[in-house]
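Spelled out, the chains give:
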Amino acid sequence: SQTIHQWPATLVQPVGSPLSLECTVEGTSNPNLYWYRQAAGRGLQLLFYSVGIGQISSEVPQNLSASRPQDRQFILSSKKLLLSDSGFYLCAWTRDVRYNEQFFGPGTRLTVL
Amino acid sequence: EDKVVQSPLSLVVHEGDTVTLNCSYEVTNFRSLLWYKQEKKAPTFLFMLTSSGIEKKSGRLSSILDKKELSSILNITATQTGDSAIYLCAVVNAGGTSYGKLTFGQGTILTVHP
Chain A
269 SQTIHQWPAT
279 LVQPVGSPLS
289 LECTVEGTSN
299 PNLYWYRQAA
309 GRGLQLLFYS
319 VGIGQISSEV
329 PQNLSASRPQ
339 DRQFILSSKK
349 LLLSDSGFYL
359 CAWTRDVRYN
369 EQFFGPGTRL
379 TVL
Chain B
-9 EDKVVQSPLS
1 LVVHEGDTVT
11 LNCSYEVTNF
21 RSLLWYKQEK
31 KAPTFLFMLT
41 SSGIEKKSGR
51 LSSILDKKEL
61 SSILNITATQ
71 TGDSAIYLCA
81 VVNAGGTSYG
91 KLTFGQGTIL
101 TVHP
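Line by line, the protein sequences give chains A and B.
Following this note's numbering, the residues of the first sequence are numbered contiguously, the last one being 381.
Following this note's numbering, the residues of the second sequence are numbered contiguously, the last one being 104.
Since the hints were derived computationally from the structure, they do not count as laboratory data.
Where a beta carbon is used, it is the ideal one built from N, C-alpha and C, also for glycine.
Among the clues, some could well be false.
Cβ-Cβ distance ranges computed for the label pairs, FRET-style [unchecked claim]:
1. A:Gly322 to B:Val3: 45 to 53 Å
2. B:Thr101 to A:Val280: 23 to 31 Å
3. A:Ala307 to B:His4: 23 to 31 Å
4. A:Lys347 to B:Val3: 45 to 53 Å
5. A:His273 to B:Thr101: 26 to 34 Å
6. B:Lys30 to A:Arg366: 28 to 36 Å
7. B:Leu(-1) to A:Gly322: 36 to 44 Å
8. B:Lys57 to A:Pro374: 32 to 40 Å
9. A:Asp339 to B:Leu(-1): 23 to 31 Å
10. A:Leu351 to B:Ala68: 42 to 50 Å
Pulled from the structure, derived: some chain A residues nowhere near chain B, Cβ distances all over 12 Å [to be verified]:
11. Arg340
12. Ile343
13. Ser354
14. Asn368
Please model the entire structure based on the sequences and the hints provided.
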């Protein structure tokens, strides 16, 4: 069976510090991978998605970036965090977005002070 | 730009009530519409809808897609306190340069009182 991992679960960082959030999927190959941010109690904002290695689409211009160094690994990064980067970050995967639902990781709660 | 709008944004009901949540969308190259339930952390999948007029059902929950009206509804009958959650709707764009993109609505916060 497939599982998706995210770490860390919670993170408190000062403004201006770097960020690296990691997401890995087990039990499948060539998944479609996604990063979302969620404000308190609201919907999900798509940040990045990748339908294959070396293919990353960015949805929102910001100080965040994403990379996919391996088939089942998706990393969200920032060189300098802003206060507005605080939120709940969710990674998700799907086998094929045309036919399959997305499965979400447990999320990372980021607080920027 | 793909867009998903959910209504109402929040809803408070009592146990036993029936609720209807709405989702309308604008998307190029529509592929499917998905419903999720989110309680504390990660959203959990409820339904995937691709064809108009075919109801999907799971226990007290059901959903249907209307491609002509570009909308979907999620019904919950005989609500229970455990149904309290954020319900999220998303659409899949499966064409062209937006292939693989999912757009979520802002969610409906459902609160069920005993």
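key: Interface exclusion of Ser354 of chain A relative to chain B, criterion Cβ beyond 12 Å   = Holds, since 17 Å exceeds 12 Å.
inquiry  = Tell me if the beta carbons of His273 of chain A and Thr101 of chain B are separated by a distance inside 26 to 34 Å.
reply    = holds, 31 Å
task = May I ask you to test the hint 36 to 44 Å on the CB atoms belonging to Leu(-1) of chain B and Gly322 of chain A?
result = holds, 39 Å
ask   = In this structure, is the beta-carbon distance linking Asp339 of chain A and Leu(-1) of chain B contained in 23 to 31 Å?
value = Given a distance of about 38 Å, which is not inside 23 to 31 Å, the answer is violated.
key: Supplied distance hint 45 to 53 Å, evaluated on CB atoms of Lys347 of chain A and Val3 of chain B   = This hint holds: roughly 46 Å between Cβ atoms.
inquiry  = Range first: 42 to 50 Å. Now tell me if the beta carbons of Leu351 of chain A and Ala68 of chain B are that far apart.
reply    = holds, 44 Å
Claimed clearance of chain B by Asn368 of chain A, with the beta carbon kept past 12 Å = Not fine: 8 Å to the nearest Cβ puts Asn368 of chain A too close to chain B.
ask   = Does the Cβ-Cβ separation between Ala307 of chain A and His4 of chain B fall within 23 to 31 Å?
value = holds, 28 Å
Cβ separation check - Arg340 of chain A to all of chain B, threshold 12 Å = Given a closest Cβ separation of 16 Å, the condition holds.
request  = With 28 to 36 Å as the target window, see if Lys30 of chain B and Arg366 of chain A comply at their CB atoms.
outcome  = holds, 30 Å
key: Beta-carbon spacing of Lys57 of chain B to Pro374 of chain A - inside the hinted bounds 32 to 40 Å or not   = The hinted range 32 to 40 Å holds for Lys57 of chain B and Pro374 of chain A, with Cβ atoms some 34 Å apart.
query = When you take the CB atoms of Gly322 of chain A and Val3 of chain B, is the distance between them in 45 to 53 Å?
reply = holds, 48 Å
Checked against the numbered hints listed earlier, the structure breaks hints 9 and 14; every other hint is satisfied.
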